[in-house]
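Chemist: Can you make the complete structure from the sequences, with help from the hints?
If you count by the numbering used here, then the sequence shown holds residues 10 to 416, one letter each, in order.
Heads up, some of the hints might be wrong.
Below, a list of computed lysine-lysine pairs in the DSS-like style, where the Cα atoms sit at most 25 Å apart [as the list claims (entries may be wrong)]:
#, residue 1, residue 2
1, K79, K199
2, K409, K356
3, K351, K146
4, K150, K286
5, K235, K382
6, K80, K235
7, K15, K146
Derived DEER-like restraints, expressed as beta-carbon distance ranges [unchecked claim]:
#, residue 1, residue 2, range
8, K405, K80, 32 to 38 Å
9, K290, T42, 47 to 53 Å
10, N171, K351, 46 to 52 Å
11, E13, N52, 51 to 57 Å
12, L187, I283, 32 to 38 Å
13, E384, T42, 21 to 27 Å
14, Y383, D352, 43 to 49 Å
15, G82, E256, 52 to 58 Å
16, K80, N171, 20 to 26 Å
17, N171, V266, 16 to 22 Å
18, L189, Q246, 36 to 42 Å
19, D289, K72, 51 to 57 Å
20, I321, G50, 23 to 29 Å
Read the hints as simulated data drawn from the structure, not as lab findings.
Glycine included, C-beta positions come from ideal geometry on N, C-alpha and C.
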Amino acid sequence: MEQETKKINRSIKIYPIFASFTGDMIFFVPIDTLFLTLVKGLNASQITAMTMVALLVCIIFQKVILAIIKKVGNVNSLRIGASLLLITSFILTFGKSFPLMLLYKSINEIAVMFLNMDEIILKNNLKAVGRNEDYYKIRNKSKIMYSIITLFTALVAGQLFNTNNYLPMYMSIIIYILLLGVAFLYYEAKTQESKTKEAKSNRNIKVTSVMFLVILSNAVFYSIVKMGQNNSKLFMQYDFQNFLSIEMVTYYITTIVFISRIARLVGNMIFGKIYSKIKDKMSIVLTICLSMAFLLLIIGHFINTIFIYKVIIMSLGFFLILATRDSFQIYIEDVALDISNKDEQQKTIINIEVYRRIGTLILSAIFTLLLMKYEMIVIEVLLFALAVIEIFVNKKLCNKLQKLECN
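Modeler: Structural data, given as structure tokens:
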């Protein structure tokens with residue numbers, strides 16, 4: 010028993026490091042468009058196609074991935090995910106054709122599905138040592154660590170790229186070799202469902218109803234954040250071009266993007282502090298903040314007299330999008346794993362990931378069609394409307410969760 014406890018505590022300790030380094034190809038992301046266009050010779054439509062194909066692959070192979078995970082277990086799934094990340098880094102670095110880039114992106118998305126089992130491992134390990142309430146705290150710690158790491162890589166990746174186009178990729182390969190070794194240090198506690206949990210699992214209809222809202226809320230929120238982050242950056246760029254030269258616009262946008270990474274870090278720290286106090290209302294607070302973000306961007310768009318006011322207001326809106334991103338994801342995971350039976354946890358996490366991608370695909374298709382006819386402001390208004398609707402979805406989710414806890 011003592012030996013098992015040591016293994017469990019070791020897994021809990023290494024989790025923030027493993028999760029933060031597998032959150033993205035941290036040396037690649039800051040220079041991704043530069044690498045894909047200048048080194049691999051891809052154009053904008055090919056880069057977009059890579060994302061769309063990868064999302065479709067994950068959706069199509071959802072059941073196959075889940076079947077593999079159930080067969081090999083959570084820890085081995087984690088090791089498969091780490092291995093796939095290493096494979097993708099080799100394909101991306103040395104692949105020379107567009108089909109290989111499609112393969113890289115597709116395998117990378119599949120790797121994420123396998124790696125998400127680390128959330129279940131963490132939850133079960135914490136439960137085994139009586140620290141179930143620490144899930145948000147430790148997940149948030151990994152997000153803070155990720156934010157700090159990406160702040161550093163955002164500064165150095167460009168310099169590495171200018172020194173040698175392949176240096177950031179070589180760094181990625183080294184990191185993923187080390188992470189694969191770390192994956193073999195993981196251990197998952199062999200927990201048994203408690204009587205309380207068994208009683209909770211018998212309320213199948215109520216749990217199913219709540220789980221539907223959890224997955225729906227997460228899919229909508231994630232899609233709004235994902236599309237809002239990308240489109241709002243472009244929205245500001247177009248707005249600023251009416252006042253500044255291209256060179257100055259580039260300076261402003263890159264500065265805003267850099268500060269937004271700090272905002273993401275600060276957001277994680279703030280919401281991490283207040284989570285224990287407002288746990289049941291966390292999703293409502295975050296969706297209100299998200300609505301305010303798009304409202305600020307829209308207000309800033311219509312300020313045409315004093316340029317610096319436009320910059321400040323629109324930037325604050327953009328920062329709010331980033332500040333809410335991680336905290337909502339952790340909250341939804343915590344809720345979903347709490348109300349799931351142990352046998353359903355894997356399916357729950359996979360469903361959350363898949364519906365995130367479906368939501369992003371739908372919004373991406375709608376926005377592409379709208380932008381053929383309308384200005385970017387229409388997209389921002391639509392995002393604001395969706396964020397307001399999301400407030401009411403989460404209000405309903407909050408009420409259902411409270412009723413579930415009372416029964």
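Chemist: Compare the structure with each hint and give your call.
Modeler: Hint check:
1. In summary, the hint linking K79 to K199 is supported, as the alpha carbons are separated by about 15 Å, within the 25 Å threshold.
2. Restraint check: the Cα-Cα separation between K409 and K356 comes to about 21 Å, which is no more than 25 Å; the hinted pair holds.
3. A distance of roughly 21 Å separates the Cα atoms of K351 and K146; the hinted pair therefore holds under the 25 Å criterion.
4. This hinted pair checks out: K150 and K286 have alpha carbons roughly 18 Å apart, not beyond 25 Å.
5. Note on K235 and K382: the hinted pairing holds, with a Cα-Cα distance of about 22 Å set against a maximum of 25 Å.
6. Of the supplied pair hints, the one linking K80 and K235 is violated, its CA atoms being roughly 32 Å apart against a limit of 25 Å.
7. Annotation: proposed proximity of K15 to K146 holds, straight-line Cα distance about 20 Å (limit 25 Å).
8. The hinted window of 32 to 38 Å between K405 and K80 holds, with their beta carbons roughly 36 Å apart.
9. Separated by about 38 Å at the C-beta atoms, K290 and T42 break the suggested range of 47 to 53 Å.
10. Checked against the hint of 46 to 52 Å, the pair N171 and K351 passes, with Cβ atoms roughly 50 Å apart.
11. Checking the proposed 51 to 57 Å range against E13 and N52 shows it holds: the Cβ atoms sit about 53 Å from each other.
12. Taken as a hint, the range 32 to 38 Å holds for the pair L187 and I283, whose Cβ atoms sit roughly 35 Å apart.
13. Against the hinted window of 21 to 27 Å, the Cβ-Cβ separation of E384 and T42 comes to about 24 Å, which satisfies the hint.
14. Taking 43 to 49 Å as the suggested C-beta distance range, the pair Y383 and D352 conforms, at roughly 47 Å.
15. Range check, G82 to E256: Cβ separation about 54 Å, and the 52 to 58 Å hint holds.
16. Between K80 and N171 the beta carbon distance is about 46 Å. The supplied range of 20 to 26 Å is therefore violated.
17. One distance hint, 16 to 22 Å for the beta-carbon pair N171 and V266, holds here, with the actual separation near 18 Å.
18. As the Cβ distance of L189 to Q246 is approximately 39 Å, the hint placing it in 36 to 42 Å holds.
19. Between D289 and K72 the Cβ separation comes to about 33 Å, which falls outside the hinted range of 51 to 57 Å.
20. With their beta carbons about 39 Å apart, I321 and G50 fall outside the hinted range of 23 to 29 Å.
In summary, the structure is inconsistent with hints 6, 9, 16, 19, 20 from the numbered list given earlier, while agreeing with the others.
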